Amino acid sequence: MAKMTLEQLRKLREEKKRDIERRETEGKEIRIIVGMGTCGIAAGARVAFDAILAAVERHGIGASVVLAQTGCMGLCHVEPTVEVLVPGMPDTIYGKVDAAIATKIVDRHVVARALVNEHIYDRPAADIIRN
Amino acid sequence: MAYRQYMLVCGGTGCESGKSDEIYKRLIAEADAQGVKDAVQIVKTGCFGFCEKGPIVKVLPEESFYVEVKPDDAKEIIAEQAVKGREVKRLLYDKSTRKSNNKIDDIEFYQKQFRIVLRNCGVINPENIEEYIARDGYAALEKALFQMKGEDVIAELKTAGLRGRGGAGFPTWLKWDLTRKAPGDVKYIICNADEGDPGAYMDRSTIEGDPHSVLEAMALAGYAIGSNKGYVYIRAEYPLAIDRLKIAIAQAKEYGLLGDDILGSGFSFDVEIRLGAGAFVCGEETALMRSLEGNRGMPVPKPPFPAISGLWKKPTVINNVETLANIPVIITKGGAWFAKIGTEKSTGTKVFALTGKVNNSGLVEVPMGTTLREIIFDIGGGIRGGKKFKGVQTGGPSGGIIVEKDLDAPISYESLAALGSMMGSGGMIVMDEDDCVVDVSKFYMEFCVDESCGKCAPCRIGTNQMHDILDRITKGKGEEADLARLERIGKAMTKASLCMLGGSAANPTLSTIRHFREEYLAHIRDKKCLTGKCKDLVTYSIDPSKCIGCTLCAKKCPVPCIAGERKQAHVIDASRCVKCGECYAVCKFGAVVKN
Numbered sequence: 002m003a004k005m006t007l008e009q010l011r012k013l014r015e016e017k018k019r020d021i022e023r024r025e026t027e028g029k030e031i032r033i034i035v036g037m038g039t040c041g042i043a044a045g046a047r048v049a050f051d052a053i054l055a056a057v058e059r060h061g062i063g064a065s066v067v068l069a070q071t072g073c074m075g076l077c078h079v080e081p082t083v084e085v086l087v088p089g090m091p092d093t094i095y096g097k098v099d100a101a102i103a104t105k106i107v108d109r110h111v112v113a114r115a116l117v118n119e120h121i122y123d124r125p126a127a128d129i130i131r132n
Numbered sequence: 077m078a079y080r081q082y083m084l085v086c087g088g089t090g091c092e093s094g095k096s097d098e099i100y101k102r103l104i105a106e107a108d109a110q111g112v113k114d115a116v117q118i119v120k121t122g123c124f125g126f127c128e129k130g131p132i133v134k135v136l137p138e139e140s141f142y143v144e145v146k147p148d149d150a151k152e153i154i155a156e157q158a159v160k161g162r163e164v165k166r167l168l169y170d171k172s173t174r175k176s177n178n179k180i181d182d183i184e185f186y187q188k189q190f191r192i193v194l195r196n197c198g199v200i201n202p203e204n205i206e207e208y209i210a211r212d213g214y215a216a217l218e219k220a221l222f223q224m225k226g227e228d229v230i231a232e233l234k235t236a237g238l239r240g241r242g243g244a245g246f247p248t249w250l251k252w253d254l255t256r257k258a259p260g261d262v263k264y265i266i267c268n269a270d271e272g273d274p275g276a277y278m279d280r281s282t283i284e285g286d287p288h289s290v291l292e293a294m295a296l297a298g299y300a301i302g303s304n305k306g307y308v309y310i311r312a313e314y315p316l317a318i319d320r321l322k323i324a325i326a327q328a329k330e331y332g333l334l335g336d337d338i339l340g341s342g343f344s345f346d347v348e349i350r351l352g353a354g355a356f357v358c359g360e361e362t363a364l365m366r367s368l369e370g371n372r373g374m375p376v377p378k379p380p381f382p383a384i385s386g387l388w389k390k391p392t393v394i395n396n397v398e399t400l401a402n403i404p405v406i407i408t409k410g411g412a413w414f415a416k417i418g419t420e421k422s423t424g425t426k427v428f429a430l431t432g433k434v435n436n437s438g439l440v441e442v443p444m445g446t447t448l449r450e451i452i453f454d455i456g457g458g459i460r461g462g463k464k465f466k467g468v469q470t471g472g473p474s475g476g477i478i479v480e481k482d483l484d485a486p487i488s489y490e491s492l493a494a495l496g497s498m499m500g501s502g503g504m505i506v507m508d509e510d511d512c513v514v515d516v517s518k519f520y521m522e523f524c525v526d527e528s529c530g531k532c533a534p535c536r537i538g539t540n541q542m543h544d545i546l547d548r549i550t551k552g553k554g555e556e557a558d559l560a561r562l563e564r565i566g567k568a569m570t571k572a573s574l575c576m577l578g579g580s581a582a583n584p585t586l587s588t589i590r591h592f593r594e595e596y597l598a599h600i601r602d603k604k605c606l607t608g609k610c611k612d613l614v615t616y617s618i619d620p621s622k623c624i625g626c627t628l629c630a631k632k633c634p635v636p637c638i639a640g641e642r643k644q645a646h647v648i649d650a651s652r653c654v655k656c657g658e659c660y661a662v663c664k665f666g667a668v669v670k671n
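Protein chains in written order, with this note's numbering: chain A, 2 to 132; chain B, 77 to 671.
Calculated directly from the structure, the hints in this document are not laboratory data.
Careful, some of the hints might be misleading.
Stated by the list, open to error - As a list, the in silico DSS-like pairs of lysine-lysine whose alpha-carbon atoms are at most 25 Å apart: (1) B/K609 x B/K655; (2) B/K329 x A/K4; (3) B/K329 x A/K18; (4) B/K113 x B/K101; (5) B/K219 x A/K18.
Unchecked claim - To list a few chain B residues with every Cβ distance to chain A over 12 Å, as calculated: (6) N371; (7) G640; (8) A661; (9) V669.
To be verified - Listed next, the stretches of chain A that the computed footprint assigns to chain B, with coverage defined by at least 3 CB atoms under 8 Å from CB atoms of chain B: (10) 3 to 12; (11) 41 to 52; (12) 62 to 71.
Quick caveat, the model's predicted, so the values are computed rather than measured.
Idealized CB from N, CA, C, for every residue including glycine.
Please work from the sequences and hints to get the whole structure.
Here is the structure:
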């Protein structure tokens, strides 16, 4: 890297900010959780995860979205599963999510705030330990 | 493809000594072997502050907080979390609670903390300038160079009310303003990283975790006062911090954030590292500058103050690491934002190295005005082993002991001084009922005897005299007049010493005499040390009515000087006893008696 100008510094900061934002969780209200148990991965959860990541990047909403992976949710028959928690919207689990559906979930559910009805599988089980 | 998971491995000195570097390398090797190296980024970062439970690995964005990780755990962490998305439950901080309770925000240790100085520690890779830049790094320098004049930077610090974190609490803006106004075309900026208090490691961890914050602040200082040259004076016994600082300086120069014509602004600033040999007195600013010049590190009388005649007799700003690390945030967020944190006269936060007999020792950053009770009992998790709290030493060998009744005082420069201690650089050593105050005072005085540079008589002679008296008391040879002698010598040293080393060396002794006079008198009159720390005053014996002859004490005795048949009462040969206390500690029947 040669010496930077002011513009280059600003550009670098913006670029890197997006990278590092993904690490942070504070102040982020939207959570997208992908089931990455053996069953999920076998069914293509990695592809779905990458598609979601790409869509989040494309919309530039990395600062408000936590994209996390979790173990098996117990819905092995509809893997890959994706749980989406957006404030003001019902908590939703989508089933059999491929790359195209994953992209749709971000475009419609997260950005346009409309459920992707045709792929909803369930809503998350009530957390009996916490409640 | 972007990473989908991040594993932050603590690279602070504490965790490194727990093999965190090996953990880091093994994680990388495992990620490669298990085919997820493009999915998970493994980052070595600065101190998380939770040193008690190190080495620490944090996984984001899942926020899994793993403690006491071993190199052999790397395989499982990658296999479970990176490949399958499952947490490794056995390594989580608190295994008894549910997963959601292991989020970093839920750990009590972090709940009361507010991180400005340590904002990047445990978040970024300190060896990568781009990660610092991403977290608004060098934004303050950019703002200053293109939107502010030197006076504006100083005015912002004045609004912020930032005071020196090295201990004395001198207003930082005033230091800068005096240096700016001092006549002379060559001026210097010095970062004092000669942290020397026993038990203090705030500055080391700040440099290890976020070296650029210090460099950026030094460049800001240079711009504000009209200086083009800065030195970091750091002790040679901080090798990791020095390495990271070297990398940071090289990167900043490469990116054009240090060196000539920074960002095309016309302002040039260069930083060099100077290593100190580890003398406590070199933390004193005038001694530090003599050492930096290549002379023997000894203080000189003030005035003239460094602002007028400092390094090579040129006007010099000298600030401590923690003070500097606050400054970029003050410039980006504004002095008014900073002034809202803390108390009226002591704004902002303070970093403390919490050590001693607490459950969670570690690095803690809290807003000024937090009480000592909150730090020790909420953040620190209380006293180890359920013992009784006795006192806390703030300010290391220059501070005093603070006792139970004063624990609810909100922390500020003024309140600690009013309690007969001082803020100091931020070491905080907690003592419990097993610690003897005379013994502790003797320890600190011994430190001061060793570290006194010998230039002025009050310190050179006074520390030795006080040490001899304290030593005599711990050996049962003290007399009641000794207390008055200690107080008299202490007062003379406080008034007449050339620098604060001598000027504050009596503090631990004077404050313990004030709070624990009875304990001193027990040593002097009754020749007794109730805690058993003063070995010459303790005798161990075995109560034959309680001893069942289990032989455990005899087996543990290192001399050995305990005799007795199995199932018969044992006897200690007091003439050969070395008073290690091992028999007392192991006896399950309370048969060993300590007098």
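Hints and how they fare:
no.: 1; hint: B/K609 x B/K655; result: 9 Å, holds
no.: 2; hint: B/K329 x A/K4; result: 8 Å, holds
no.: 3; hint: B/K329 x A/K18; result: 21 Å, holds
no.: 4; hint: B/K113 x B/K101; result: 12 Å, holds
no.: 5; hint: B/K219 x A/K18; result: 18 Å, holds
no.: 6; hint: N371; result: 36 Å, holds
no.: 7; hint: G640; result: 55 Å, holds
no.: 8; hint: A661; result: 41 Å, holds
no.: 9; hint: V669; result: 50 Å, holds
no.: 10; hint: 3 to 12; result: holds (count 7)
no.: 11; hint: 41 to 52; result: holds (count 5)
no.: 12; hint: 62 to 71; result: holds (count 5)
Figure legend: structure checked against the earlier numbered hints; every hint is met.
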